[in-house]
Each structure stands twice: as C-alpha cells, then as structure tokens.
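**Q** Below are the chains, spelled out letter by letter.
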Amino acid sequence: MGETQKALYHLSIKEAGGLIESRQLSPVELTRAFLDRIGTVDEELSSYVTVLPDAALEQARVAEAEVMGGRYRGPLHGIPVAFKDLFDTKGVRTTAQSRVMEHRVPDTDATAALRLREAGTVLLGKLAMGEFAIGGMKSLFGQARNPWNVDYATGGSSSGSGAAVAAGLCMGALGSDSGGSIRGPSALCGIVGLKPTYGRVSRYGVIPLSWSLDHCGPMTWTVEDAAIMLQTIAGHDPKDPSSSEEPVPDYPGLLDRDVKGLTIGVPRHYLLDSNAGVEPETWASVETALAQMEGLGAHLEEVHIPSLEHAVTANTIIMLSEGFAYHRANLITQPEAFGDAVRIRMYLGSLFSVSDYLQAQRVRSKLKREFASAFRRVDTIAGPTKGKPAGLLSAEGADSIGVMGRPSFTSPFDQTGLPAISVPCGFTQAGLPIGMQIIGKPFDEITVLNVAHTYQQHARWYERRPIP
Amino acid sequence: MDTPLTAVIGRLLDRAGLKPTQHEIDDLASFLEGYQERLQQLHAIDVENEEVAGVFSPRWDADA
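Here the protein sequences line up with chains A and B, keeping their order. The numbers in my numbering rise by one with no breaks, and the one at position 277 of the first sequence is 277. The numbers in my numbering rise by one with no breaks, and the one at position 38 of the second sequence is 1038.
Keep in mind that the hints were calculated from the coordinates and are not lab data. This one's a predicted model, so the numbers in the text were calculated from it and none came from an experiment. A few of these clues could be false.
What the hints assert, rightly or not - Sample of chain A residues at the chain B side, in silico, Cβ under 8 Å:
1. T313
2. L331
3. I332
4. P335
5. L348
6. L351
7. L358
8. A360
9. V363
10. I401
11. G402
What the hints assert, rightly or not - Over the 10 Å line for every Cβ pair with chain A, so calculated as not near, a few chain B residues:
12. T1003
13. A1007
14. P1058
15. W1060
Ideal placement from N, C-alpha and C gives every residue a C-beta, glycine not left out.
Just chain A, with the same shape it has in the complex (with noise of 0.2 Å):
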C-alpha cells in the first residue's frame, strides 16, 4: 500500500478512510503510526489510561486482510479509534477513572462500543476522564493535558477523548455528556464534539453518571467525521429503554447543504447577562462566526427562552439525585474509594428532596416547551459552547462543589435532549481554542451538522494543529 503526504496521524477519517477503501494505505501501518504518536506524545499530555498495542495491531492486520480479500466493510474500516474509559469493552478494564472499579473488566462491549467493533475500527485503547464523568483532579489516573499547552486543562468529562483527537492520538473518540462533557472538552482543546439527541445513541454499556440527562456521542478532528461516526452508533437498541427508534438518516450523504435561507437563533438575554461570564475574546470569535454564517446566507435572529437562567440549578439537582441513588451503595461501603470531588458531589446529591427534584424535572419540561416555541421561528440556535477558553490545570478542582452553580450553555441541552455540537471558532491571543455551539431541533442532527459542516469548511481552523 502507498504513501500519503499527510503525517498518518493528521489525516481525517474520511481521508483514511478513503485511502483504506483504495487500497493505498494499510490499516496496520496507520495504526502503528498512532501506536509510535502515542509512545512519543501521550507520555506529557496523559490522555489514554490503557493503551492496547498488541490487540489494536491485530484489529488492523484482520481489517487490512478484510480489505485485501474484498471485505471492505465502510468507512471505518481499518480506523483507529478510543473511548472514554466509561464505555464498557469486552475483556477490557473499565473504570470509569475510579478506584470504586479499579479492577473491572466487563464481559461484554457497549452498544456504542459493539457497533464501531462490527464497523471494523481498531481499538486504541481507554481514554482518561473525570472521575464517574463528574469528578475533580484526585482519582484513579492522572488528569489529561490539554495539546495546545500543557499547562492547561482539557476541561470535563471526556477529558483524555478531546486531547487525544486534538493532538492525532486517534482518528475519532466516543465521549459521554450530562452537562457538557463532549462539547466543554472538545471546545477546549479544538475539535469537534456532537451530543446527539437523547435517545438516538444507546446508553447500553455505558457507566452512568445520570440516566435521564446522559448521551452519548463522537469526539472528530471534522464535522465530517463525526457524521461519519454517528452513522455507525446511531439507531435503536432494545438493551435502552430510553433508546429512539426514530430512522437514522444518512448523515454523511446529506452533509452537502449549505446555510442559505436558515435562521441561526441566539439567545443573547441569556449569553449577555453579566452573571454567564463570557469572556470578550470569546463572544467576538462567537460574533465573527455568526456573521461568517450571515455572509453566506443565513439570518439571525434572537431568541428569548425564559427558563434559561434557572436550567443550571434543574441540572444539578436532576444529576446529582440521580447520582447519588446510582452511586449510593459504594458511597456507604467504601467512600474513601470516590475521590474528594466526586464524594461530596454525591452526598450532595442526598441532600436535594424529591421536591427539589420532582421540580426539577418539572422546569426541564417547561423548558423543553419554551425551546419547542422558539424552534418555530428558527432552524437552529447558536453561541459560545463555554464562556472562557481553558483554565490553568494548577487552579482545577481548587472548588469541589462551588463549580455546580456556575453558568452552563451546555446543560440546557443535556435536560431537553436536542442534539448539539461544538465546532471551532477561533483562537485567544494566547493561543487556545474558542468553540461555538450549534443546537438543532430534536432528531435533526443533520441540520446541525450541515451548519457546523459549512463553517467549518468556511472558516478552516482544523488547518491548526497543536502539535506537529
């Protein structure tokens, strides 16, 4: 098989996947390049907790011998991919970074897991995160770094999914996301990180952090490959109950519309309020965007969603009373297992009355209802994925419970299900990424895809690579 100009590591999905189809690139040979990049790079950033060398190899030397004999099985063929270290995988340690399972190893793959396995992807290994998808810096491993410096945090959950995208340490991650776990990270660290609509990924397999307000979805360097990989996780699994059975169209194949004649809604009464913090730097990368997206074709419009300003609190409250029912048993058995952080987010969560959550889940309708108003008028709606841009690792898990009540412009997305990405938008002058968040109604990942598809072909940041 041939050679690509590209460093291995760099090529997109689509890319690869194109070269593994012709022919012209060999499976095993690009998953020795991301082996070689992970034993050269991951030593300083830390975001895998397992690597599997000798079983990825023999993913890839059973793809290429699929491929060669004329068993090409699609675009993920041959693909080297990780998972946050939640998704269960069958005879591999699971832990969730937690002491609580530091010796699990589960008998069978999640859902998520099974399909991009049955897709014929090569596993790289298990990706680090915060403890139980909710935790601070003290826990099982240590906490990843992000690519474009080390010096600061890849934020959370799926802390180990964004900096090994970013920094070419695989092709594509799953990640998981209660509040924002796949766009905070991928905003972070400059990549692109879809949340897909509750429901449409299974939960089969996956730790729970919060069942009514966790999804599942791809971690990709492009809009492009996340498409690419939501096709393969997407789609009904009975082994869910909250599982959809809404058909999953062809993402990749309908990824070919443009902006024109679509109204981007934003919520500005709620991104401008003085209580959110949006950084300067941050709202004008978010407001260049915008107008990118306005120049070629789109209209904007505000939105105004009442609830907005007390989602926080209903998300808290909704994760971690579920949390804690989930959690309970290890909390009273062993609690010096959890990590200080995840601890006292936990018993936190004991404190809440079921009045406390039974309005909860009360306001998340009625918030559910005001997006459903506003939707009418718009086909999606746009701002900031996080306020600020990445904080310095020595200041994380400095505020154990004090971080529950900061401002959120990802947890509405989790309590309404609508599916959500994040795309790259800009740098600060200090060199980190900026990301803006790009919400769709419920089950149209595809409009929220082709937004994001279109700027991001626009405005080409994922020309920027952190590390070389």
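Take the given structure of chain A and dock chain B to it, following the hints.
**A** Chain B in isolation, oriented as in the chain A frame:
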C-alpha cells in the same frame, strides 16, 4: 463548626447511611447556604400543568 445547618446535614447524611467528615459537612453547609436562593427561585417558577415525564412503561419487554 457546629451550627443548626451542619447538624441537620449531619443527621440527613447519617439517615442515608453516609459517614462524612466534619470538613465535608462544613463545605456542604457553606454551599447550601448560598444555594438556598437558587432553590427558592426554582420552586417559585410557575410550571403550570407540567408533568414529570417518567420512563415507566407498562409494556413487558420481550425478554422480561
């Protein structure tokens, strides 16, 4: 520090079978004091006839 709020928190956690340190109880009390206003605001929202959308289904799974 022993205050009426820390005492209540300690009793509630104890009832749940949890054994927090005094430092954790103090942190929780400090957080909840500041959070009280948010909880009041949440409960003050007029949610009209909104019902909680549960996932309960009376249908039997094929493998149940």
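**Q** Beyond 10 Å from every chain A Cβ: check whether that's true for A1007 of chain B.
**A** Label holds. Min Cβ-Cβ 13 Å, cutoff 10 Å.
**Q** So, P335 of chain A near chain B? Judge it on the closest CB pair being under 8 Å.
**A** Holds, about 6 Å.
**Q** With a cut-off of 8 Å, does the beta carbon of L348 of chain A approach a beta carbon of chain B closely enough for the hint to hold?
**A** Given a least distance of 6 Å, the restraint on L348 of chain A holds.
**Q** Does T1003 of chain B really sit off the interface, with its C-beta more than 10 Å from all C-beta atoms of chain A?
**A** Holds, because the least Cβ-Cβ distance between T1003 of chain B and chain A comes to about 15 Å, which exceeds 10 Å.
**Q** Would the hint on V363 of chain A stand, with a C-beta cut-off of 8 Å toward chain B?
**A** Because about 6 Å separates V363 of chain A from the closest Cβ in chain B, which is inside the 8 Å limit, the hint holds.
**Q** Quick check for students: does the CB of W1060 of chain B sit more than 10 Å from each CB in chain A?
**A** 13 Å, holds
**Q** For the hint on G402 of chain A, does the least C-beta distance to chain B fall short of 8 Å?
**A** 7 Å, holds
**Q** Is it correct that the beta-carbon of P1058 of chain B has no partner in chain A closer than or equal to 10 Å?
**A** 13 Å, holds
**Q** With 8 Å as the cut and Cβ atoms as the points, is L331 of chain A at the interface with chain B?
**A** 6 Å, holds
**Q** Is the shortest C-beta separation between I401 of chain A and chain B less than 8 Å?
**A** Constraint on I401 of chain A satisfied, holds at 5 Å.
**Q** When the nearest CB of chain B is found for T313 of chain A, is that gap smaller than 8 Å?
**A** Because about 5 Å separates T313 of chain A from the closest Cβ in chain B, which is inside the 8 Å limit, the hint holds.
**Q** Taking 8 Å as the limit, does the beta-carbon of I332 of chain A come near enough to a beta-carbon in chain B?
**A** At 4 Å from the nearest chain B Cβ, I332 of chain A passes the 8 Å test, so the hint holds.
Violated hints are absent here; each numbered hint is respected by the structure.
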